[in-house]
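K.L.:
If you read the protein sequences in the order shown, they are chains A and B. Each residue of the first sequence is one higher than the one before, starting from 1 at the first, in the working numbering. Each residue of the second sequence is one higher than the one before, starting from 1 at the first, in the working numbering.
What you were told as hints is all true, and nothing was included just to trick you.
Using 25 Å as the maximum straight-line C-alpha spacing, the simulated SDA-like pairs for lysine to any residue come out as follows:
id: 1; chain 1: A; residue 1: K132; chain 2: B; residue 2: A115
id: 2; chain 1: A; residue 1: K92; chain 2: B; residue 2: Q130
id: 3; chain 1: A; residue 1: K92; chain 2: B; residue 2: V118
id: 4; chain 1: A; residue 1: K68; chain 2: A; residue 2: E12
Don't read these hints as lab results, they were simulated from the structure.
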Amino acid sequence: MIEISNVSLWYETYKALDGISVSIARGQTMVICGPSGSGKSTLLRCINGLERFQQGSILVNGIGVQDKRTDIYSLRSRIGMVFQHFELYPHKTILENVVLAPVKVRGVPRKEAERQGLELLNRVGVLDQAGKYPAELSGGQQQRVSIARALAMEPSVMLFDEPTSALDPEMIKEVLDVMADLAREGMTMVVVSHEMGFARRVADDILFMDHGRIVEKNAAEDFFLHPSNERTKQFLGRIMDYNVNVGG
Amino acid sequence: MDLNVIIDNMAYLFGGLALTFQIAALAIGFGLCWGILLGMGRLSKNRLIYYPSSAYVHFFRGIPLILVIFWIYFLLPLIIGDSLGEFVAVVVSFTLYEASYFAEIIRSGIQSVPAGQVNAGLATGLRPHQLAFHVILPQALRNMVPSLVNHAVVIFQDTSLAYVIGLREFLRRVNLVDAREARSVELYLFAGLVYFIICSLGTLASHKLERRPRTCGSNL
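Just chain A, same shape as in the assembly:
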């Protein structure tokens, strides 16, 4: 589904990604964690071509992201992405946010796109907000809308870039619930997050990154119970102290 082989990326002389190789199978959910500046968001942005890497290759559904023959716009239309700060279009209503890309990119008739859009808004639990503007919604609601906006393109992969780190604590669960449902329904997902409870319950694999390298990649259960790497143990020890509900 996603094949990342030996990807390296430099910002000037700073090496942000250092020979990353990992693959994600169809229907799998992979959570990427690691300290800030470890390259996890950068890696995510390489998958849909928002960031260019200088070495290696990434294949999504067998299509090379940086291949010269690849129409990156058309490839992106099948890769959904959810951002830390939601990035809903502030000048458009909730429903318009969801239907813009299906109508403009996929050429779905507006009526049909709106019907599907309302269905998606219903699925993420914000149907009653369809006519409002993003600024009128809570953070949790906005993030659920942005998931619906991505799903409206019927993506085969969903990328989540710290989807809950800008949310108030009581709103985190409503967003994670939507994501857990998606994973259960068989969506292929790559999630950059520090929500270890979510990782443990929902992820198939967990990837721990530091300094642009993969420190450890393991099945979710093993990652928490038998971390093999010292650096992973240290990281887990630090973030678990207050994360008492892991596995709950």
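Let chain A serve as the given structure and place chain B on it in line with the hints.
P.N.:
For chain B alone, coordinates are given in the frame of chain A:
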């Protein structure tokens, strides 16, 4: 005070005001079109577009408008071998000059749209022109409108500079009536009142647009 001097010359004075409006409208229209192109040029990654448009903008913002009017009216005929006529010379000068100000308003308006919006649009598969029309420009325009209206008001005031090459716009006609009737106090106070009312309306409109309830707030 003898207001008859104004009433008697009303038709003549307002004929000048009509000309003033014409100059302002053409200067704003052409200046805005040229300014949009320059503003986009200032955002271009292509050096052959970026550097010339930046040089143009910095150049015209660095000289007084009246000098541009003199150049176009007195120097340009030496090059092209034919006089442009006062009206055309003034419209050309204003267009060339004001475009540089419009360009900066447009550039900063477009740059005021956060990069996250660009990523969000690209991530859903929007192509650059779709991104521009549906995501960036609507937000940029909203941010620009008050400044654009504000600058339109400034241009309206500046039309009085056309007076220096003898174009009989409003202020020039006030001046001519005064030369004949020697009623400086009434005439120049009246001229001030007319400019004040028209510009106040423009400023008022600009404030209205600024205070318009915003559906687009921070989305944090």
